[in-house]
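Take a look at the letters that make up each chain.
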Amino acid sequence: DTGVSQDPRHKITKRGQNVTFRCDPISEHNRLYWYRQTLGQGPEFLTYFQNEAQLEKSRLLSDRFSAERPKGSFSTLEIQRTEQGDSAMYLCASSLNPFDEQFFGPGTRLTVL
Amino acid sequence: AQTVTQSQPEMSVQEAETVTLSCTYDTSESDYYLFWYKQPPSRQMILVIRQEAYKQQNATENRFSVNFQKAAKSFSLKISDSQLGDAAMYFCAYNQGGSEKLVFGKGTKLTVNP
Numbered sequence: 001d002t003g004v005s006q007d008p009r010h011k012i013t014k015r016g017q018n019v020t021f022r023c024d025p026i027s028e029h030n031r032l033y034w035y036r037q038t039l040g041q042g043p044e045f046l047t048y049f050q051n052e053a054q055l056e057k058s059r060l061l062s063d064r065f066s067a068e069r070p071k072g073s074f075s076t077l078e079i080q081r082t083e084q085g086d087s088a089m090y091l092c093a094s095s096l097n098p099f100d101e102q103f104f105g106p107g108t109r110l111t112v113l
Numbered sequence: 001a002q003t004v005t006q007s008q009p010e011m012s013v014q015e016a017e018t019v020t021l022s023c024t025y026d027t028s029e030s031d032y033y034l035f036w037y038k039q040p041p042s043r044q045m046i047l048v049i050r051q052e053a054y055k056q057q058n059a060t061e062n063r064f065s066v067n068f069q070k071a072a073k074s075f076s077l078k079i080s081d082s083q084l085g086d087a088a089m090y091f092c093a094y095n096q097g098g099s100e101k102l103v104f105g106k107g108t109k110l111t112v113n114p
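Line by line, the protein sequences give chains A and B.
Here the first sequence is numbered in this note's numbering, starting from 1 and rising by one per residue.
Here the second sequence is numbered in this note's numbering, starting from 1 and rising by one per residue.
Pulled out of the complex, with its shape left as it was, chain B reads as follows (with noise of 0.2 Å):
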């Protein structure tokens, strides 16, 4: 079965701190895609950052970045100079090569604190 695990349910951090949210996966395939996307409260999801799997460079957007291991099956999210407007569920998700289909981890709720 296709997975994503997102081990920490709820994270919080200051203001203009950092913080790192992590994801792993299972999956048997060498080319897939990965995503995070953002779900602020009320309002829809939204991409943040996506990683191509072949691609060993680690994709970054701004004051986000990830850490990609994939001989670990990690996917982790680095949000740096954290804003209010960051204050959101993460979904971490993934498609393989032949199915178009997201395949979603449970979340993260991500409060930042003034």
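Chain A with its partners taken away, still in its complex shape (with noise of 0.2 Å):
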């Protein structure tokens, strides 16, 4: 499955802990998408790189957040001193070009205890 993915698929920890998440776009997309989902709700962007560079983020991403995409390939978003409110699933796409369809991963569900 070429598909991209996410690991890990469930997060449960307790408040304050840091959490890392990772993305694995497709391959040959240069462009990557992280969004945050809570319950009812349409997914709400975060943040996006094309190749290794940062190019937008959203104002939900608050200091405790941070994205990278160091070698343009794989990404991980990192919530430090987690909240409750954190509580969500986080969903990364890829994309080849601007505008064009992303391509979304199963997500990774985080419970914030």
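Any given hint could be a false lead.
The calculated SDA-like cross-link candidates involving lysine to any residue, where the alpha carbons are at most 20 Å apart (straight line), are [claimed, not checked]: (1) B:106 - A:11; (2) A:57 - B:98; (3) A:11 - B:44; (4) A:57 - A:40; (5) B:55 - B:28; (6) B:73 - A:99; (7) B:109 - A:89; (8) B:55 - B:42; (9) B:106 - A:106; (10) B:106 - A:39; (11) B:109 - A:44.
Some chain B residues close to chain A (C-beta under 10 Å, calculated; not the full set) [what the hints assert, rightly or not]: (12) 4; (13) 46; (14) 70; (15) 107.
No wet-lab data here; the hints were simulated from the structure.
Quick reminder that beta carbons are idealized off the backbone N, C-alpha and C, glycines included.
Hints are included, so try docking the two chains, each in its own frame, into the full complex.
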């Protein structure tokens, strides 16, 4: 399967802990996007990369959140000092060209106790 | 603020019938792209159909078609000959020329009754 993959699929953590998620895009896609989806809502944009450059960040991405794509391939999203409000599904997507279809991964479901 | 409104939280349709899902959006831009995505239960989101705002012709993909009314900022999705596999959350989304982020609506849950 050459689709977008995310790891882990589920993460349960205690408030105050740090967590890191990984996304592997479709191999030839140079664009990678992170979204957050809470129950009953549509996905909300967090940030995106073109190759290794982070080109846009949402105001939702507080100082506790950091994303990287060091070699322009996989990306990581780290949340420091997690809060209960961080509980959500974190979705990764990739695309080949701007404004083309974004291909989504299965998501990482984060639960903060 | 960029917004997408899906006024129908839930819809249901009989198998083989036709259903239309509503979407309106708010933008001051003239160049943008519109999408309908489908999210089946516990499965990943997939693209149903895409429309470029500068194209007047409505996009179609097999049983799926859109009614794009640019002046009214309306982008509805019509599903013909509904199948059980069409049951899912459907999200309307758009992005504006200049930003690649997708702005999503809250979604419509579609139930298909046999």
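Violating hint indices (sorted, rising): 1, 4, 8, 14
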